[in-house]
Amino acid sequence: MQTTRVRQAGALLLSLAVVAGACGDDKKKDTKTTTAVTTASAGTTASSGTTASAGTTASAGTTASAGTTASAGTTASAGTSAGSSSAGTTASSGTAAGGSGSAAAIAPIPTGVKCDAGIKIAFLGALSGDNGALGTNMINGAQIAFDEFNKANPDCQVTFDSKHDSQGAADQASPLADAIVGDAKVIGLIGPGFSGETKATMPKFEAAGLPMITPGATNAKLSTNGWKMFHRILANDDKQAPGVVSLITNVIKGKAVGVIDDASEYGKGLADSVRSGLAAMDVANATIDPKAGDYSAAITAMKDKNVDTIFYGGYYAEAAKLVKQIRDAGLKATFVSGDGSLDNGFIKNGGSATEGSYLTATGAPGDVNPAFQAAFKAKFNADPALYSPEAYDCARVFLAGIAAGKVTRADMAAFVASYDQPGITKQIKFDSTGEPSGNAVYYTIVKDGKLAGQGLIPG
Amino acid sequence: MTFSNFIEQFWPSTINGLVLGSIYALIALGYTLVYGVLRLINFANSEVFMLSAFGSFWALQILGVPYRLGNGDDPYKTGLALVGTLGFMMLVSMVVGGTVAMGLERIAYRPLRKRHAPRLVFLISAIGASFAMSEAVGEFGPRGRQEYGIQRVLQKRKVFSIFSADVRNDYIIVVVGALLMMTVLVLFVNRTRIGRGIRAVAQDMETARLMGVNVDRVILITFLVGGLMAGGAAFLYEIYNGTARNTLGFELGVKAFTAAVLGGIGNIKGALLGGIVLGIIENWGTAIFQSNQKMGSVVAFSVLVLVLMFRPTGLLGEALGRSKA
Chain A
1 MQTTRVRQAG ALLLSLAVVA GACGDDKKKD TKTTTAVTTA SAGTTASSGT TASAGTTASA
61 GTTASAGTTA SAGTTASAGT SAGSSSAGTT ASSGTAAGGS GSAAAIAPIP TGVKCDAGIK
121 IAFLGALSGD NGALGTNMIN GAQIAFDEFN KANPDCQVTF DSKHDSQGAA DQASPLADAI
181 VGDAKVIGLI GPGFSGETKA TMPKFEAAGL PMITPGATNA KLSTNGWKMF HRILANDDKQ
241 APGVVSLITN VIKGKAVGVI DDASEYGKGL ADSVRSGLAA MDVANATIDP KAGDYSAAIT
301 AMKDKNVDTI FYGGYYAEAA KLVKQIRDAG LKATFVSGDG SLDNGFIKNG GSATEGSYLT
361 ATGAPGDVNP AFQAAFKAKF NADPALYSPE AYDCARVFLA GIAAGKVTRA DMAAFVASYD
421 QPGITKQIKF DSTGEPSGNA VYYTIVKDGK LAGQGLIPG
Chain B
1 MTFSNFIEQF WPSTINGLVL GSIYALIALG YTLVYGVLRL INFANSEVFM LSAFGSFWAL
61 QILGVPYRLG NGDDPYKTGL ALVGTLGFMM LVSMVVGGTV AMGLERIAYR PLRKRHAPRL
121 VFLISAIGAS FAMSEAVGEF GPRGRQEYGI QRVLQKRKVF SIFSADVRND YIIVVVGALL
181 MMTVLVLFVN RTRIGRGIRA VAQDMETARL MGVNVDRVIL ITFLVGGLMA GGAAFLYEIY
241 NGTARNTLGF ELGVKAFTAA VLGGIGNIKG ALLGGIVLGI IENWGTAIFQ SNQKMGSVVA
301 FSVLVLVLMF RPTGLLGEAL GRSKA
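These protein sequences, in sequence, are chains A and B.
Just so we're aligned, residue 1 is where the first sequence starts under our numbering, counting upward by one.
Just so we're aligned, residue 1 is where the second sequence starts under our numbering, counting upward by one.
Hints in this document: simulated from the structure, not taken from any laboratory.
Just so you know, not all the hints are guaranteed correct.
[Claimed, not checked] When the alpha-carbon atoms are kept at most 27 Å apart in a straight line, the in silico DSS-like pairs for lysine-lysine are as follows:
1) A/Lys253 x A/Lys447
2) A/Lys305 x A/Lys332
3) B/Lys269 x A/Lys332
4) B/Lys156 x A/Lys291
5) B/Lys294 x A/Lys291
6) A/Lys185 x A/Lys114
7) A/Lys268 x B/Lys294
8) A/Lys151 x A/Lys114
9) B/Lys158 x A/Lys332
10) B/Lys158 x A/Lys305
11) B/Lys156 x A/Lys447
12) A/Lys305 x B/Lys294
13) B/Lys156 x A/Lys332
14) A/Lys204 x A/Lys163
15) B/Lys77 x A/Lys447
16) A/Lys228 x A/Lys185
17) A/Lys255 x B/Lys158
18) B/Lys156 x A/Lys305
19) B/Lys77 x A/Lys332
[Said to hold, decoys possible] Some, not all, of what chain A presents toward chain B, calculated at C-beta under 8 Å:
20) Ala263
21) Asn285
22) Thr287
23) Ile288
24) Ala301
25) Asp304
26) Ala317
27) Asp328
All residues carry an ideal CB built from backbone N, CA and C; glycine is no exception.
From just these sequences and the hints, can you work out the full model?
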């Protein structure tokens, strides 16, 4: 009898533990962008031989004289993008490389800078946990900039303090923010990586007068708090919807559009903004229940209006199922979705039904700058992924400040506020609220079962 | 609310509801049979369905058609090869379903029954078993909690139209398959010796035992039959939808349980009626409310509440052999 009791209690405990485990698994709705993208695109693979050589040219140039380096690098990059455009998709590289207009030339790496030893630029973000891959993308991207700078400036070695792992959680970020603020050697911060932790820690950076530039926090409300130290290098979530609308009307040239959402805060928010952007059209609307596996009712609504383009606001798992069922229903409409679907899982689960789908993001694609891509690949043996190019641009802003002799927090803050130079993702310039000058939204096309054929959305 | 949408989408909604409802109905049988015999809600039935769905995957892997990782053309089959492949998938799914359901009875229920545990304990045991199975697949499955996409062997195509609605070949397989399985089940319960045993135990377990019915065996067979139906449902779902994940059971289990209650839990024909009615009303509700699937569920459950207010035992009432309350 005693043993039975014990056994029953054990069974009950086990089931309780299992219940607890089940409750904790679904984290995908926390941060808006849980997507880790490895953009091993067809275009990239094709041009990797040439980019590698472009990379070596650039680094060889770096040691000699910096002024020419950048131009050498960019010439090479222009060459490769032209090559990949002929090999790959038509729309992609021409616009992608020239993100901020005509010239793809980025600000040169400063040389001959002398500064005090021990100057630090810190990073704060997720390096482990569910979204650890995204934070790693960021520090790796930034690291390239520090390596270039330190190599070109033997008399000014800047330390990249990248050990602060918040796991993307606001509560873990707070004490780390205190540590960063308390370190007088830190004059600039790359991060925090995500919106939640930025909201939680920003008052500390504001109080300390520590300028920060985030490469990944895209919540639109962050810039409305009057924070002087807040800067972000990519367009916020509200800007994605106009990008989607422009993509549908100008690139895809959709005539009859359907918009489907998953009723989540992110998915419905994005879909509703797209709906209002397309208000002039008679848009077919539907909402799916992401917990259900069958979306035939939504697809019936799309078929009823005979749509040629479908936008889905939601995450990749449902997007994959949805696109499959759309194709099963014999509907050939172009499938478009946002950064929630920008994940290789979309292709893995959706298979050939995803072919030709468009996915948008405010983050630049990994191959936005071939020279950067080559340097990244040489160091990390992987292609730059989501937010790597943004982090590189963040680092370049601070390094330019150090080169200009801005080695106090106050000087650096003023320098960042007035910065206006071309970066690899766009012209880097912040308005008074810390938002970037350009509202670049990029798209990626699924081609031959890969995320490929990136481009900048016009408008 | 837009009734114009509803009118335009009436036929496609009805067809889709019928297809999904057939799958609900087959899963609902697992709940209804066990309830009829044991007066126990076997919440783990949904996980029997989920594991059976993975059974269809394993069947394809055994045949050398692994699940898809990345793109590539689907290995469509035709003629005898198609029939053979589908038949093997169905067989494996049903074997998995039947085995898991019987194992469940032996591990999670029989020990409790031997100790005359209170009814609530069975319920907890069922929920615990359900979570354990779902989480085990999530933790130890080759792709964890991610979704599995099955390789297609049946090329889906339109066969004919009813008014504005396309009827695809997979729709026909699902509906005909479900009806066939139900017919076989009804014949089995009403015409065979074992079926008589099931009805006897459902009417009065003690008397049946005194009359020489091997109650434990009957209960095991009841679970087996419920598992076979869940297995068949899983096969049909994979033909129709082609995806599975560790939470699949929960997604469809709630609907199937609702269908069982709507039709009259304990009533085999009620499960069929409840499943199809639920499937169709859900789709109609979605069409009425701007194609919002969540509203479809709201409508379906509102209808359930209304039906239960006027017919507390469901549309057809309980009737797996008894009228006892």
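We went through each hint and held it up to the structure:
As the CA atoms of A/Lys253 and A/Lys447 are separated by approximately 19 Å, the hinted pair is consistent with the 27 Å bound. At most 27 Å may separate the alpha-carbon atoms for a hinted pair to count; A/Lys305 and A/Lys332 meet this at roughly 13 Å. Between B/Lys269 and A/Lys332 the alpha-carbon distance is near 40 Å, which puts this suggested pair outside the 27 Å criterion. Only pairs whose Cα atoms come within 27 Å are accepted, and B/Lys156 paired with A/Lys291 is accepted, the gap being roughly 24 Å.
Between the alpha carbons of B/Lys294 and A/Lys291 the distance comes to roughly 10 Å, so the proposed pair stays at or under 27 Å and holds. With a CA separation close to 16 Å, the supplied pair A/Lys185 and A/Lys114 stays within the 27 Å bound. Restraint check for A/Lys268 and B/Lys294: the C-alpha separation of about 13 Å stays at or below 27 Å, so the hint holds. Note on A/Lys151 and A/Lys114: the hinted pairing holds, with a Cα-Cα distance of about 13 Å set against a maximum of 27 Å.
At roughly 15 Å between alpha-carbon atoms, B/Lys158 and A/Lys332 fall within 27 Å of each other, so this suggested pair holds. For a cut-off of 27 Å, the pair hint linking B/Lys158 to A/Lys305 stands: about 19 Å separates their Cα positions. About 23 Å separates the Cα atoms of B/Lys156 and A/Lys447, which keeps this hinted pair within 27 Å; it holds. With a C-alpha separation of about 21 Å, the suggested pair A/Lys305 and B/Lys294 falls inside the 27 Å cut-off, and the hint holds.
With a C-alpha separation of about 15 Å, the suggested pairing of B/Lys156 with A/Lys332 holds against the 27 Å cut-off. With a C-alpha separation of about 19 Å, the suggested pair A/Lys204 and A/Lys163 falls inside the 27 Å cut-off, and the hint holds. Restraint check: the Cα-Cα separation between B/Lys77 and A/Lys447 comes to about 26 Å, which is no more than 27 Å; the hinted pair holds. Between A/Lys228 and A/Lys185 the alpha-carbon distance is near 20 Å, which keeps this suggested pair within the 27 Å criterion.
Of the supplied pair hints, the one linking A/Lys255 and B/Lys158 holds, its CA atoms being roughly 26 Å apart against a limit of 27 Å. Taking the CA atoms of B/Lys156 and A/Lys305, the gap is near 22 Å; set against the 27 Å cutoff, the hint holds. Distance hint between B/Lys77 and A/Lys332 is fulfilled; the C-alpha atoms sit about 23 Å from each other, no more than 27 Å. Nearest Cβ of chain B to the Cβ of A/Ala263: about 6 Å, under the 8 Å cut. The hint holds.
About 6 Å separates the beta-carbon of A/Asn285 from the nearest beta-carbon of chain B, less than 8 Å, and the hint is met. Look at A/Thr287: its Cβ gets to within about 4 Å of chain B, closer than 8 Å, so that hint holds up. Nearest Cβ of chain B to the Cβ of A/Ile288: about 5 Å, under the 8 Å cut. The hint holds. The beta carbon of A/Ala301 comes within 4 Å of a beta carbon in chain B, closer than 8 Å, and the hint placing it at the interface holds.
For A/Asp304, the suggested interface contact is upheld, since its CB lies about 5 Å from the closest CB of chain B, less than 8 Å. Because the smallest distance between the Cβ of A/Ala317 and any Cβ of chain B comes to about 5 Å, under 8 Å, the interface hint for this residue holds. Interface hint at A/Asp328: satisfied, since its Cβ lies 5 Å from the closest Cβ of chain B, which is below the 8 Å cut-off.
Hint compliance for this structure: hint 3 is the single one not met.
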